[in-house]
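Using the sequences provided together with the hints, build the complete structure.
Those protein sequences? They're chains P and G, same order as listed.
Going by our numbering, the letters in the first sequence line up with residues -10 to 102, in that order.
Going by our numbering, the letters in the second sequence line up with residues 19 to 107, in that order.
Simulated from the structure, these hints should not be mistaken for laboratory data.
Check each hint, because a few of them may be wrong.
What follows is a list of derived Cβ distance ranges for each label pair [claimed, not checked]: (1) P:Leu15 to G:Arg38: 33 to 43 Å; (2) G:Glu78 to P:Asp72: 21 to 31 Å; (3) P:Val0 to G:Val74: 35 to 45 Å.
Just a sample of chain P residues kept apart from chain G, beta carbon distances all over 10 Å, derived [what the hints assert, rightly or not]: (4) Arg(-6); (5) Thr(-2); (6) Val0; (7) Ala1; (8) Thr2; (9) Asp6; (10) Gly7; (11) Gln11; (12) Leu13; (13) Pro28; (14) Leu29; (15) Gln30; (16) Val31; (17) Gly48; (18) Ala55; (19) Pro62.
Glycine included, C-beta positions come from ideal geometry on N, C-alpha and C.
Each chain, written out:
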Amino acid sequence: MYLGRITGTVVATRKADGMEGQKLLLVQPVDDQLRENGPLQVAVDTVQSGPGDLVVLVGSREAALACQPHFVPVDAAIVGIVDQVDAPEREVDKTGKTGKAGNAGKAGKAGKA
Amino acid sequence: MRLCRVIGNVVATVKHPAYRGQILLIVQPIGEGGADIGTSFLAIDRVQAGPGDRVVVLTEGNGVRQIMQMGDILPIRSLVVGVVDRVDA
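Shown next, in the form of structure tokens:
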């Protein structure tokens, strides 16, 4: 599970079977200091979130399980809208724009859990 | 399972029904000496862990479903399953 910032909506009329009716959003994954972390993703929304929201995402098989009905063929789902990120040892910058590079900045590839 | 340090928590009021009442922690994977490895991620707390605690985090959905006993369609992928007292390496 990881954090992301919704940057837009995706409209796709022709979709694979099972994906009908799912709302798709464009999401920028972010780290614990809300800095961009990895490439943009398209995720299914389950919590009525919208552009600008900071959200919790779940990936892989669990994304399919988050949808209604479950086992929709997707690999990322939005499962929560974040009100607050509390990380005392990190300086969380709410705007996500001017975060100073710390240890997480030079992080290697880490699997999205 | 991965050795991690809890670095904070995330408050979210609007959540998927499966996440209701659960605590979301930010965990940072670490090495045996405590140095950060890779980027942090989120995990549900199962052991009342808090910031600064070294923990064991399960990052596989089927194991999580076994532990949580909330049915077969639980969309939770990572779970804090232990607070580490000591690492001998």
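Hints that the structure is at odds with (numbers, increasing): Of the numbered hints given earlier, those the structure breaks are 1, 17 and 18, listed in rising order.
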